[in-house]
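Asker: Taken in sequence, the protein lines are chains A and B.
Under the numbering used here, the first residue of the first sequence carries the number 1, and numbering increases by one thereafter.
Under the numbering used here, the first residue of the second sequence carries the number 1, and numbering increases by one thereafter.
In case anyone wonders, no lab produced these hints; they're calculated from the structure.
Think of the CB as a built atom: it goes at the ideal place given N, C-alpha and C, for glycine as much as any other residue.
Mixed in with the good hints, there may be bad ones.
Claimed, not checked - Which bits of chain A does chain B cover? Going by a derived footprint, with three or more residues having C-beta under 8 Å, they are: (1) 37-51; (2) 114-121; (3) 172-182; (4) 194-200; (5) 237-249.
Said to hold, decoys possible - Here are the simulated SDA-like cross-link-like pairs (lysine to any residue), alpha carbons at most 20 Å apart as the crow flies: (6) B:K222 / B:K260; (7) A:K137 / A:E226; (8) A:K104 / A:K137; (9) B:K264 / A:L197; (10) A:K21 / A:K108; (11) B:K259 / A:L197; (12) B:K260 / A:K104; (13) B:K201 / A:R170; (14) B:K43 / B:A128; (15) B:K135 / A:F207.
2 protein chains.
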Amino acid sequence: MKIGIIGLGLIGGSLGLALKKSGFASKIIGYDISEDHMDEAKKLNIVDCNASDMVSLIKSSDLIILAVPVQYIETLLPDILDSIENQIVTDVGSTKLTIVNKVKEHPKRSNFVASHPMAGTEFSGPQAALPDLFKGKVCVICDREESNANAVQTVEAMYTSIGMNIVNYRSDDHDVHTAYVSHISHISSFALALTVLEKEKNSNRIFELASGGFSSTVRLAKSNPETWIPIFELNRDNVLDVLDEHINTISQFRTLLIKKDFKKFYQLMEKANNIQKILK
Amino acid sequence: MKIGIIGLGLIGGSLGLALKKSGFASKIIGYDISEDHMDEAKKLNIVDCNASDMVSLIKSSDLIILAVPVQYIETLLPDILDSIENQIVTDVGSTKLTIVNKVKEHPKRSNFVASHPMAGTEFSGPQAALPDLFKGKVCVICDREESNANAVQTVEAMYTSIGMNIVNYRSDDHDVHTAYVSHISHISSFALALTVLEKEKNSNRIFELASGGFSSTVRLAKSNPETWIPIFELNRDNVLDVLDEHINTISQFRTLLIKKDFKKFYQLMEKANNIQKILK
Chain A
1 MKIGIIGLGL IGGSLGLALK KSGFASKIIG YDISEDHMDE AKKLNIVDCN ASDMVSLIKS
61 SDLIILAVPV QYIETLLPDI LDSIENQIVT DVGSTKLTIV NKVKEHPKRS NFVASHPMAG
121 TEFSGPQAAL PDLFKGKVCV ICDREESNAN AVQTVEAMYT SIGMNIVNYR SDDHDVHTAY
181 VSHISHISSF ALALTVLEKE KNSNRIFELA SGGFSSTVRL AKSNPETWIP IFELNRDNVL
241 DVLDEHINTI SQFRTLLIKK DFKKFYQLME KANNIQKILK
Chain B
1 MKIGIIGLGL IGGSLGLALK KSGFASKIIG YDISEDHMDE AKKLNIVDCN ASDMVSLIKS
61 SDLIILAVPV QYIETLLPDI LDSIENQIVT DVGSTKLTIV NKVKEHPKRS NFVASHPMAG
121 TEFSGPQAAL PDLFKGKVCV ICDREESNAN AVQTVEAMYT SIGMNIVNYR SDDHDVHTAY
181 VSHISHISSF ALALTVLEKE KNSNRIFELA SGGFSSTVRL AKSNPETWIP IFELNRDNVL
241 DVLDEHINTI SQFRTLLIKK DFKKFYQLME KANNIQKILK
């Protein structure tokens, strides 16, 4: 199957590598607004060739993957659906509701499968792409009843071929649950980085002491704001909801420290330990 | 050199494995308040033999490592210094000031080297011990001028033999800097786990969406409260200091989301990105 990937960053690039490796793609055609990304993707064998524009990418592809930041998925998706004939279109956006609402009434809506492969690293760009990024991870397919059976089946087969496990959510649920689990983790990590940079002015000390747990907890704070600002923007209400809870929880730890109530502090830590039963 | 390790958990156990592997130890003698830990340590080849009590461990060792939770280091250290002749004693405690103050006037103070190897995982007990846990990590030696030259040299040689890099802090500085970098990371991670457990009642959703950054950010929330409560207790004032800053920072993110000030939000994320220059 000929696959066109629009957006050759970490996710688009990794999909290119993974789909060639799995054999699902007979050919990968790339397009990116950045010429440098296209050159890099060609050099790294992420794509077999690059298209000169989106229209020609669409013409030469059976399946089109939109792997650009979420606000551009929103903008580009209607145009892409305008241009396709029988091709299938999917996206990789970290938010879903505003995207699907944008094409709700589009006559080609059923050619589109809203998806979110839950994988990533804190790095970005084609040079960060990894062929095994998706292996063993979960891909969320949203509102599957809105897509035609062939489109869903093809997109699922694509993600399955690169080792992903499929789960099905509604778009609005997806945005709530990703805010509650993934988006809050990013804000927490960014806040931790800023806290430590503010308090610990001696960067040697940070470097020396980072192995005491700081470096893994702060990993996400290396993530690209270009990717994440639009996610927080589009999913603001759900993020605010879980952020309020997070501030309450941290403030509770503060109160217990002030009151020296280490018994209650211990109980909260034990409760938090339950997370290991879920994550295994 | 014959090394006695008191406390055969993650850190004590890993030291046993590492010091045998490096050849620095000709013999490892173990002691733990838990019989199970001692049996396990023997079975896992962490120790060559176990002592029946601390006095006999001290008698048969040239160097004694105290690898118990910090509040027990405080309690045991004076007794151990009472019992030694020319042996060297060191500890691995995550806080330092109250420990060194406890033995400030002890006639054998100079036989003691206060140290903190900055390494660990979220797991505990001898079965979690890893021979390469310390490789490439930093070991903080505190108040080196309070220890005799031979003791410092021996302890440094021990940590160097297992691949650690030595840095020198004052005990009070150590406690400030570890609060600012390591202890706050643990509180942040525990709070994140509680937040997500509270908001996301469907544990399947947590499991499915964890690869979106949650699982690494929450890793430390699996840590043992038995180890960490005494650390927060002994280093409470410094932890509160950085915790206040952390609450301010997260609250600032909240305010910016409420005001939809994504420009300022972006600038803060960019500032947080600087952490990657320090951590490399």
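Asker: Quick one: see if chain B covers the stretch 194-200 of chain A, three-plus residues with Cβ-Cβ under 8 Å.
Answerer: Answer holds; 7 residues pass the 8 Å Cβ test.
Asker: Mind checking the alpha carbons of A:K104 and A:K137 for me, to see if they're no more than 20 Å apart?
Answerer: Not OK: A:K104 and A:K137 at ~28 Å, beyond 20 Å, violated.
Asker: Is A:K137 close enough to A:E226, meaning Cα to Cα at most 20 Å?
Answerer: Given that 20 Å is the threshold and the Cα spacing comes to 24 Å, the pair is violated.
Asker: B:K201 and A:R170 were given as a pair; does the straight-line alpha-carbon distance stay at or below 20 Å?
Answerer: The given pair, whose Cα atoms are some 17 Å apart, holds under the 20 Å limit.
Asker: Are there three or more residues in the stretch 237-249 of chain A whose C-beta lies within less than 8 Å of some C-beta in chain B?
Answerer: Held - the stretch 237-249 of chain A has 10 residues with a Cβ nearer than 8 Å to chain B, which meets the minimum of three.
Asker: Sort out whether A:L197 lies within 20 Å of B:K259, counting only the CA atoms.
Answerer: violated, 25 Å
Asker: Three residues or more, CB to CB closer than 8 Å: is that satisfied between the stretch 114-121 of chain A and chain B?
Answerer: It holds, with 3 qualifying residues against the three required.
Asker: Given the hint that B:K43 pairs with B:A128, test it: the Cα-Cα distance must not exceed 20 Å.
Answerer: holds, 13 Å
Asker: For B:K222 and B:K260, compute the direct alpha-carbon distance and say whether it is at most 20 Å.
Answerer: Roughly 34 Å separates the two Cα atoms, so the pair is violated.
Asker: Below or equal to 20 Å on CA atoms is what counts here, so check A:K21 against A:K108.
Answerer: Given that 20 Å is the threshold and the Cα spacing comes to 30 Å, the pair is violated.
Asker: Test coverage of the stretch 37-51 of chain A by chain B using CB-CB distances below 8 Å; three residues minimum.
Answerer: Contact hint for the stretch 37-51 of chain A vs chain B: violated, 0 residues under 8 Å.
Asker: Mind checking the alpha carbons of B:K135 and A:F207 for me, to see if they're no more than 20 Å apart?
Answerer: holds, 15 Å
In summary, the numbered hints that this structure violates are 1, 6, 7, 8, 10, 11, 12.
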